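Chemist: Take these sequences, add in the hints, and give me the full structure.
Listed here are the chains, written in short residue letters.
Number of protein chains: 2
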Amino acid sequence: MTISSSARAKLPRLRDKTITLAHGSGGQAMQDLIAALFVSQFEGQLPTALEDQARIPLAELTAQGDRLAFTTDSYVVDPLFFPGGDIGSLAVNGTVNDLAVSGAVPRYLTCAMILEEGLPIDVLKQVVASMVTAAQQAGVKIVTGDTKVVPRGGADKLFINTAGVGVMRRGVTPAAVHIQPGDAVLVNGPIGNHGATILVAREQFALETEIHSDCQPLNGLVDAIVTACPAVRAMRDATRGGLATVLNEFAESAQVGIRLIEDDLPVDEAVRGLCELLGLDPLYLANEGKLVVVVPPDQADTVLAAMQTHPAGVHSRVIGHVIDGQRVALKTGFGTDRILDRLVGDQLPRIC
Amino acid sequence: MTISSSARAKLPRLRDKTITLAHGSGGQAMQDLIAALFVSQFEGQLPTALEDQARIPLAELTAQGDRLAFTTDSYVVDPLFFPGGDIGSLAVNGTVNDLAVSGAVPRYLTCAMILEEGLPIDVLKQVVASMVTAAQQAGVKIVTGDTKVVPRGGADKLFINTAGVGVMRRGVTPAAVHIQPGDAVLVNGPIGNHGATILVAREQFALETEIHSDCQPLNGLVDAIVTACPAVRAMRDATRGGLATVLNEFAESAQVGIRLIEDDLPVDEAVRGLCELLGLDPLYLANEGKLVVVVPPDQADTVLAAMQTHPAGVHSRVIGHVIDGQRVALKTGFGTDRILDRLVGDQLPRIC
Numbered sequence: 001m002t003i004s005s006s007a008r009a010k011l012p013r014l015r016d017k018t019i020t021l022a023h024g025s026g027g028q029a030m031q032d033l034i035a036a037l038f039v040s041q042f043e044g045q046l047p048t049a050l051e052d053q054a055r056i057p058l059a060e061l062t063a064q065g066d067r068l069a070f071t072t073d074s075y076v077v078d079p080l081f082f083p084g085g086d087i088g089s090l091a092v093n094g095t096v097n098d099l100a101v102s103g104a105v106p107r108y109l110t111c112a113m114i115l116e117e118g119l120p121i122d123v124l125k126q127v128v129a130s131m132v133t134a135a136q137q138a139g140v141k142i143v144t145g146d147t148k149v150v151p152r153g154g155a156d157k158l159f160i161n162t163a164g165v166g167v168m169r170r171g172v173t174p175a176a177v178h179i180q181p182g183d184a185v186l187v188n189g190p191i192g193n194h195g196a197t198i199l200v201a202r203e204q205f206a207l208e209t210e211i212h213s214d215c216q217p218l219n220g221l222v223d224a225i226v227t228a229c230p231a232v233r234a235m236r237d238a239t240r241g242g243l244a245t246v247l248n249e250f251a252e253s254a255q256v257g258i259r260l261i262e263d264d265l266p267v268d269e270a271v272r273g274l275c276e277l278l279g280l281d282p283l284y285l286a287n288e289g290k291l292v293v294v295v296p297p298d299q300a301d302t303v304l305a306a307m308q309t310h311p312a313g314v315h316s317r318v319i320g321h322v323i324d325g326q327r328v329a330l331k332t333g334f335g336t337d338r339i340l341d342r343l344v345g346d347q348l349p350r351i352c
Numbered sequence: 001m002t003i004s005s006s007a008r009a010k011l012p013r014l015r016d017k018t019i020t021l022a023h024g025s026g027g028q029a030m031q032d033l034i035a036a037l038f039v040s041q042f043e044g045q046l047p048t049a050l051e052d053q054a055r056i057p058l059a060e061l062t063a064q065g066d067r068l069a070f071t072t073d074s075y076v077v078d079p080l081f082f083p084g085g086d087i088g089s090l091a092v093n094g095t096v097n098d099l100a101v102s103g104a105v106p107r108y109l110t111c112a113m114i115l116e117e118g119l120p121i122d123v124l125k126q127v128v129a130s131m132v133t134a135a136q137q138a139g140v141k142i143v144t145g146d147t148k149v150v151p152r153g154g155a156d157k158l159f160i161n162t163a164g165v166g167v168m169r170r171g172v173t174p175a176a177v178h179i180q181p182g183d184a185v186l187v188n189g190p191i192g193n194h195g196a197t198i199l200v201a202r203e204q205f206a207l208e209t210e211i212h213s214d215c216q217p218l219n220g221l222v223d224a225i226v227t228a229c230p231a232v233r234a235m236r237d238a239t240r241g242g243l244a245t246v247l248n249e250f251a252e253s254a255q256v257g258i259r260l261i262e263d264d265l266p267v268d269e270a271v272r273g274l275c276e277l278l279g280l281d282p283l284y285l286a287n288e289g290k291l292v293v294v295v296p297p298d299q300a301d302t303v304l305a306a307m308q309t310h311p312a313g314v315h316s317r318v319i320g321h322v323i324d325g326q327r328v329a330l331k332t333g334f335g336t337d338r339i340l341d342r343l344v345g346d347q348l349p350r351i352c
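Chains A and B are the protein sequences, given in the same order.
The C-terminal residue of the first sequence carries number 352 in the UniProt record's numbering, and the numbering is unbroken.
The C-terminal residue of the second sequence carries number 352 in the UniProt record's numbering, and the numbering is unbroken.
No lab work stands behind these hints, which were simulated from the structure alone.
Don't take every hint at face value.
List time: in silico DSS-like cross-link candidates among lysine-lysine, alpha-carbon distance up to 27 Å [to be verified]:
1. K157/A x K125/A
2. K141/A x K141/B
3. K157/B x K157/A
Bear in mind the structure is a predicted one, so any value in this text is a computation, not a measurement.
Modeler: Laid out in structure tokens, this is it:
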């Protein structure tokens with residue numbers, strides 16, 4: 001995303017209504033697109049001397065912690081816009097959350113777009129605006145990027161990759177391998193909303209629901225958690241594959257079992273109803289603003305209280321405990337145990 | 001790219017022959033794919049405790065310099081394999097080079113793949129193997145990643161995003177704005193080979209040529225340059241849009257003119273022949289292993305000598321000088337000046 005000063009000077013000027021191959025050529029049209037769309041909107045985020053790389057003083061990072069966290073995710077969600085968010089807010093929050101659950105303070109993001117020829121420029125504008133808002137809310141900066149255009153049919157509308165760096169606080173090292181029998185398992189609110197939203201938004205069903213995505217940044221909530229409990233064992237955001245997948249990953253990594261109490265699982269009524277109608281399990285539906293936290297048993301109350309004071313954690317609950325064994329099980333309302341296996345096959349493609 | 005220890009234990013086992021939607025679901029099939037393909041091949045590159053983020057000690061970085069360089073690029077090249085490289089080597093070298101030309105030592109890369117349902121697993125294996133080899137050659141590590149699958153027709157085969165971090169050496173800050181009239185402009189060898197290779201590889205022409213891509217890492221060459229001349233004004237790799245585009249970016253950023261001498265431009269005979277046949281200009285053809293270097297006039301000989309001692313710079317040349325004005329011009333063999341404008345429109349889509 002190299003912008004010349006003269007390109008900056010002539011902002012905003014973009015006569016095209018749709019993306020053409022020239023917008024990915026490296027030439028004048030690409031400069032104009034980047035200037036009009038990205039530079040004007042990311043104003044104040046991008047460094048002043050634009051080169052192909054962001055340049056970040058290491059002293060600024062070492063003041064905040066002792067390790068760099070580095071992550072990446074591509075976003076291919078279909079449709080691009082859905083109740084509660086869009087591919088832009090998803091791309092920012094998803095990567096912010098990947099950094100946050102490592103115990104890091106998310107700091108800087110990249111933004112790489114693959115655009116399909118023919119994409120309306122107005123769609124792109126809306127997505128970029130959404131990224132800017134999401135970045136501001138999460139307190140991160142988008143500092144560099146890339147734009148590629150593929151001919152019509154070579155991609156579906158718009159894909160975004162965001163990579164992110166953050167700083168891990170000294171003494172805070174959550175990791176699945178630290179989980180021990182006896183630990184408490186918490187979640188910050190109702191599960192399955194993002195997956196249910198995308199399902200409905202696909203318009204494969206003539207359903208009217210109130211469901212909207214839980215897409216939100218979790219770094220503020222993580223601040224509250226690690227302040228209350230620096231010895232937090234593990235955190236992970238429950239995205240693709242849902243809560244059950246994260247718990248299976250935890251169980252396998254730490255060689256433990258996990259037992260959930262079905263009655264303690266927060267699921268919104270509308271999501272529960274949709275799942276019953278379609279034969280889906282909210283435990284396997286994607287979330288985009290939910291994290292699973294594992295803490296030592298004597299810290300559970302403190303952490304729960306800290307989570308509930310944060311807007312993103314008002315509906316937090318203890319949902320189960322770590323046990324000996326190697327399976328994830330759900331104690332049902334009838335008192336029986338149901339094994340929660342890993343997801344086999346796909347529940348829903350292009351969920352994020 | 002979260003891998004459980006049990007998934008690690010059962011490497012390699014992958015019965016599927018093609019990519020299915022389940023490989024992007026977050027469930028068991030995705031774990032198996034990641035374990036069999038990425039973990040087994042990136043062995044020794046990935047950190048041992050696999051979480052969704054790489055965790056890098058900041059002390060390791062501050063020992064090497066004072067600023068973090070951070071960059072991203074998506075790769076959508078078509079075809080995936082071409083003489084001299086493939087999308088995998090391109091994705092590693094492209095991002096390594098973006099970091100290197102900032103004066104940084106490239107260190108860590110991410111790898112995010114968007115796969116089309118139906119992609120042969122063998123193709124993916126070959127691309128991953130190529131990334132591993134390229135990373136080893138460049139001395140960087142691929143430390144985290146992401147895999148998304150879109151339904152057939154939602155993307156064309158395989159797209160890769162690599163983001164990268166590197167460490168900028170103390171006292172070395174190349175930037176286009178530093179360029180001044182009088183400075184010398186150098187390039188490390190023949191131009192246009194990558195673009196010409198992709199053109200021929202598209203099989204739109206029944207041509208037999210010896211042309212192959214110049215896809216290569218440039219960080220070793222940059223080491224030689226900044227050691228010889230820490231005050232290097234600017235460096236940039238001449239990818240999309242070719243040499244002419246980089247020079248136009250330089251001219252606009254620094255508000256200077258640049259004058260090239262046509263007879264001093266290195267162009268391979270085969271590339272020149274292809275360009276004459278098709279009416280193309282090698283100055284606008286993409287490169288994937290060529291950088292433009294601008295240095296103070298009294299440093300030109302020293303830098304040229306340093307470049308020529310490195311394998312990636314054997315054919316380096318001084319190709320022109322910075323002048324007053326604001327245009328990039330080429331002094332032709334006939335003694336006339338030809339203006340090299342920015343590329344308008346696209347010369348070739350999906351070149352990288």
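Chemist: Indicate, hint by hint, whether the structure satisfies it.
Modeler: Taking the hints in turn, this is what the structure says about them:
1. Taking the CA atoms of K157/A and K125/A, the gap is near 13 Å; set against the 27 Å cutoff, the hint holds.
2. Between the alpha carbons of K141/A and K141/B the distance comes to roughly 25 Å, so the proposed pair stays at or under 27 Å and holds.
3. Straight-line distance between C-alpha atoms of K157/B and K157/A comes to about 15 Å, which keeps the hinted pair within the 27 Å bound.
Violated hints are absent here; each numbered hint is respected by the structure.
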